[in-house]
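Asker: Sequence:
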Amino acid sequence: MQKTIQQQLFELQDFKYRDFHAKLVPGMDVNAIIGVRTPELRKLAKQLAKDERVGDFLAVLPHQYLDEMNLHGFIISELKDYDECLKEIDRFLPYVNNWATCDLLSPKAFKQNKNRERLIEDIKRWMASDEPFIIRFGIEMLMSFYLDEDFKPEYLKWVSEIRHEHYYVKMMVAWYFATALAKQWEATIPYIERNTMEKWTHNKAIQKAVESYRITPEQKELLKSYRVK
Numbered sequence: 003m004q005k006t007i008q009q010q011l012f013e014l015q016d017f018k019y020r021d022f023h024a025k026l027v028p029g030m031d032v033n034a035i036i037g038v039r040t041p042e043l044r045k046l047a048k049q050l051a052k053d054e055r056v057g058d059f060l061a062v063l064p065h066q067y068l069d070e071m072n073l074h075g076f077i078i079s080e081l082k083d084y085d086e087c088l089k090e091i092d093r094f095l096p097y098v099n100n101w102a103t104c105d106l107l108s109p110k111a112f113k114q115n116k117n118r119e120r121l122i123e124d125i126k127r128w129m130a131s132d133e134p135f136i137i138r139f140g141i142e143m144l145m146s147f148y149l150d151e152d153f154k155p156e157y158l159k160w161v162s163e164i165r166h167e168h169y170y171v172k173m174m175v176a177w178y179f180a181t182a183l184a185k186q187w188e189a190t191i192p193y194i195e196r197n198t199m200e201k202w203t204h205n206k207a208i209q210k211a212v213e214s215y216r217i218t219p220e221q222k223e224l225l226k227s228y229r230v231k
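Its first residue numbered 3, the sequence shown is counted upward by one per residue in this note's numbering.
Just so you know, not all the hints are guaranteed correct.
Unchecked claim - Lysine to aspartate or glutamate pairs mimicking DMTMM-like chemistry, simulated, CA-CA at most 20 Å apart:
1) Lys82 with Glu123
2) Lys110 with Asp92
3) Lys159 with Glu213
4) Lys231 with Glu200
5) Lys159 with Glu142
6) Lys206 with Glu220
7) Lys126 with Glu163
8) Lys185 with Glu195
9) Lys52 with Asp85
No lab work stands behind these hints, which were simulated from the structure alone.
Required output: the full structure, derived from the provided sequences and hints.
Answerer: In structure tokens form, the structure reads like this:
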């Protein structure tokens, strides 16, 4: 099945998109990218998720091409059973080595309210990892599912205490806090006032929040005053 899927991907190859995408993923060899556009990958993933043989493809890690890794992530996102999805996520994450593959993961199983109590424990586990893209994934899941009705102020503390020098971890922490400021201002602003994060991440969170249309002009002016020089 691996060869069949690879052949399907090459039939969808777009060289201009391949060259464009290579510029978005620092350090990625253009020869490791087939060049399949995201809508085509999503469409193929939906088809493959229903194929009883798809397990053969999911069992092969790491894949040769970025497009195969991304397709793998989209297939996992189609899984609706929490235990099955979690098993595949935990097998997949150690092989993720770029932000694009990390950020496309949006499992349907995680969107079910009945799984929220289990998911928060797995998020804590991912954020405690030493691997940058596992940490990033954990923060993104916390941002995606726990900044609305399932929000708890303690989650802000979890993220504020993350210390990792990897650029894509620090950027995700900043993105999380910028989003939290938009959705949970009263609980979040003290973390900015107290300067609880390291300088770069603190200032990046403010920058991203100030760029957001969901932050009021008055809030933006206040945030600017908390920039660290």
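Asker: Could you run down the list of hints and mark each one as holding or not?
Answerer: Consistency of the hints with the structure:
1. A distance of roughly 18 Å separates the Cα atoms of Lys82 and Glu123; the hinted pair therefore holds under the 20 Å criterion.
2. For the given pair, Lys110 sits about 16 Å from Asp92 by alpha-carbon distance, which is consistent with the 20 Å threshold.
3. At roughly 23 Å between alpha-carbon atoms, Lys159 and Glu213 are farther apart than 20 Å, so this suggested pair is violated.
4. For the suggested pair Lys231 and Glu200, the alpha carbons sit about 12 Å apart, so the restraint of at most 20 Å is met.
5. Under the criterion of a C-alpha separation no larger than 20 Å, the hint pairing Lys159 with Glu142 is consistent with the structure, at around 15 Å.
6. Of the supplied pair hints, the one linking Lys206 and Glu220 holds, its CA atoms being roughly 19 Å apart against a limit of 20 Å.
7. The straight-line distance between the Cα atoms of Lys126 and Glu163 is roughly 12 Å, inside the 20 Å bound, and the hint therefore holds.
8. Restraint check: the Cα-Cα separation between Lys185 and Glu195 comes to about 17 Å, which is no more than 20 Å; the hinted pair holds.
9. Restraint check: the Cα-Cα separation between Lys52 and Asp85 comes to about 17 Å, which is no more than 20 Å; the hinted pair holds.
Hint 3 from the list above is the single one not met by this structure.
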